[in-house]
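K.L.:
Using the sequences and the hints, build the whole thing.
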Amino acid sequence: MIKIILTILLFSSASFAAGTSYDDSSSVSTDDQVTKLYNKAYELVYKKKFDKSVKLLEKIVKRNDLGEKKADVYNLLGFSYRKNKKPDLDKAFVAYQIAIKANPKHLGAHEYLGELYITLGDINMANEMLIKLQEIAGTETMEYIKLKKAIDNS
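Start counting the sequence shown at 12; every next residue gets the next number (our numbering).
It is worth saying that the hints were derived from the structure and are not from the lab. Every value quoted in this text rests on a predicted model; they were computed, and no experiment measured them. Here a beta-carbon is modelled for each residue, glycine too, at the ideal position from N, C-alpha and C. There may be inaccurate statements among the hints.
[Unchecked claim] In silico BS3-like links for lysine-lysine, alpha-carbon gap of 27 angstroms or less: (1) K94 <-> K59; (2) K47 <-> K96; (3) K94 <-> K143; (4) K97 <-> K51; (5) K160 <-> K73; (6) K112 <-> K70; (7) K80 <-> K60; (8) K73 <-> K47; (9) K60 <-> K96; (10) K143 <-> K116; (11) K70 <-> K58; (12) K160 <-> K60; (13) K116 <-> K47; (14) K160 <-> K97; (15) K51 <-> K116; (16) K143 <-> K70; (17) K94 <-> K51; (18) K96 <-> K66; (19) K160 <-> K143; (20) K59 <-> K157; (21) K157 <-> K60; (22) K80 <-> K116; (23) K70 <-> K47; (24) K112 <-> K143; (25) K73 <-> K157; (26) K94 <-> K159; (27) K59 <-> K70; (28) K59 <-> K96; (29) K160 <-> K66; (30) K47 <-> K94; (31) K159 <-> K112; (32) K47 <-> K58; (33) K97 <-> K66; (34) K159 <-> K97; (35) K73 <-> K58; (36) K96 <-> K159; (37) K80 <-> K157.
[Stated by the list, open to error] Pairwise CB distance ranges, derived in the manner of DEER restraints: (38) K96 <-> G149: 31 to 41 angstroms; (39) D163 <-> L100: 19 to 29 angstroms; (40) Y57 <-> P98: 17 to 27 angstroms.
P.N.:
Structure below.
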């Protein structure tokens, strides 16, 4: 429990830190910069290069201009931690919690947190995430269907 709390503190302070060393003096808006970096991280995840996506996403979360992308960035970071060759489930848990705090209706974060609970053997909490998904968007979303299937198969 202490490890989880320390990790939460680590990430919460990182999310309020000054911007990264990324410097683009062109006229590209910061929203575009964040989106570009996020898309690069997503591409790494798609290629299953989770170690590289973790490194990039850890740099991105140090920015103070994530705006509406904050939940997406932390959700992808949590996924990358969880799917890495050496999964870090504590950090994944914290990243999903930050994503949900940033956007309480983030379907992906609720689904992936539910999958994490399955990995940890906590089917009751996985079902809580399923109920939350149902409350947010009903039972026809891809996230609800995938989490329900994962619970049923566990």
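K.L.:
Now tell me if each hint is right for this structure.
P.N.:
So, going through the hints one by one against the coordinates:
1. With a C-alpha separation of about 8 angstroms, the suggested pairing of K94 with K59 holds against the 27 angstroms cut-off.
2. The straight-line distance between the Cα atoms of K47 and K96 is roughly 25 angstroms, inside the 27 angstroms bound, and the hint therefore holds.
3. Taking the CA atoms of K94 and K143, the gap is near 23 angstroms; set against the 27 angstroms cutoff, the hint holds.
4. Restraint check: the Cα-Cα separation between K97 and K51 comes to about 21 angstroms, which is no more than 27 angstroms; the hinted pair holds.
5. A hinted pair counts as satisfied when its Cα atoms are at most 27 angstroms apart, and K160 with K73 does not qualify at roughly 35 angstroms.
6. For the hint pairing K112 with K70, the CA-to-CA distance comes to about 20 angstroms; that is within 27 angstroms, so the pair holds.
7. For the hint linking K80 to K60, the alpha-carbon distance of about 21 angstroms falls within 27 angstroms, and the restraint holds.
8. Taking the CA atoms of K73 and K47, the gap is near 15 angstroms; set against the 27 angstroms cutoff, the hint holds.
9. Simply put, K60 and K96 have alpha-carbon atoms about 9 angstroms apart, close enough for the 27 angstroms limit, and the pair holds.
10. For the given pair, K143 sits about 9 angstroms from K116 by alpha-carbon distance, which is consistent with the 27 angstroms threshold.
11. A distance of roughly 19 angstroms separates the Cα atoms of K70 and K58; the hinted pair therefore holds under the 27 angstroms criterion.
12. For the given pair, K160 sits about 26 angstroms from K60 by alpha-carbon distance, which is consistent with the 27 angstroms threshold.
13. This hinted pair checks out: K116 and K47 have alpha carbons roughly 23 angstroms apart, not beyond 27 angstroms.
14. At most 27 angstroms may separate the alpha-carbon atoms for a hinted pair to count; K160 and K97 meet this at roughly 25 angstroms.
15. A C-alpha spacing of about 24 angstroms is found between K51 and K116, which places the hinted pair at or below 27 angstroms, so the restraint holds.
16. Straight-line distance between C-alpha atoms of K143 and K70 comes to about 30 angstroms, which puts the hinted pair past the 27 angstroms bound.
17. Between K94 and K51 the CA atoms are separated by roughly 17 angstroms; this keeps the pair inside 27 angstroms, and the hint holds.
18. This hinted pair checks out: K96 and K66 have alpha carbons roughly 14 angstroms apart, not beyond 27 angstroms.
19. Note on K160 and K143: the hinted pairing holds, with a Cα-Cα distance of about 16 angstroms set against a maximum of 27 angstroms.
20. For the given pair, K59 sits about 19 angstroms from K157 by alpha-carbon distance, which is consistent with the 27 angstroms threshold.
21. Restraint check: the Cα-Cα separation between K157 and K60 comes to about 23 angstroms, which is no more than 27 angstroms; the hinted pair holds.
22. For the given pair, K80 sits about 13 angstroms from K116 by alpha-carbon distance, which is consistent with the 27 angstroms threshold.
23. With a C-alpha separation of about 13 angstroms, the suggested pair K70 and K47 falls inside the 27 angstroms cut-off, and the hint holds.
24. Note on K112 and K143: the hinted pairing holds, with a Cα-Cα distance of about 14 angstroms set against a maximum of 27 angstroms.
25. Under the criterion of a C-alpha separation no larger than 27 angstroms, the hint pairing K73 with K157 is inconsistent with the structure, at around 31 angstroms.
26. Distance restraint check for K94 and K159: the Cα-Cα separation of roughly 19 angstroms lies within the 27 angstroms cut-off, and the hinted pair is therefore satisfied.
27. For the suggested pair K59 and K70, the alpha carbons sit about 19 angstroms apart, so the restraint of at most 27 angstroms is met.
28. A threshold of 27 angstroms between alpha carbons decides the hint, and for K59 with K96 the separation of about 10 angstroms falls inside it, so the pair holds.
29. Between K160 and K66 the alpha-carbon distance is near 31 angstroms, which puts this suggested pair outside the 27 angstroms criterion.
30. A distance of roughly 22 angstroms separates the Cα atoms of K47 and K94; the hinted pair therefore holds under the 27 angstroms criterion.
31. The suggested pairing of K159 with K112 holds, with an alpha-carbon distance near 23 angstroms, which does not exceed 27 angstroms.
32. Using a Cα cut-off of 27 angstroms, the hinted pair K47 and K58 holds, with the two alpha carbons roughly 17 angstroms apart.
33. At roughly 14 angstroms between alpha-carbon atoms, K97 and K66 fall within 27 angstroms of each other, so this suggested pair holds.
34. Only pairs whose Cα atoms come within 27 angstroms are accepted, and K159 paired with K97 is accepted, the gap being roughly 26 angstroms.
35. Between K73 and K58 the alpha-carbon distance is near 24 angstroms, which keeps this suggested pair within the 27 angstroms criterion.
36. Taken as a hint, the K96 and K159 pair is honoured in the structure, with Cα atoms around 25 angstroms apart against an allowance of 27 angstroms.
37. Annotation: proposed proximity of K80 to K157 holds, straight-line Cα distance about 23 angstroms (limit 27 angstroms).
38. Remark: the range hint 31 to 41 angstroms for K96 to G149 is upheld by a beta-carbon distance near 36 angstroms.
39. Judged by the Cβ atoms, the range 19 to 29 angstroms given for D163 and L100 holds: they are separated by roughly 22 angstroms.
40. Between Y57 and P98 the CB atoms are about 18 angstroms apart, so this pair conforms to the stated range of 17 to 27 angstroms.
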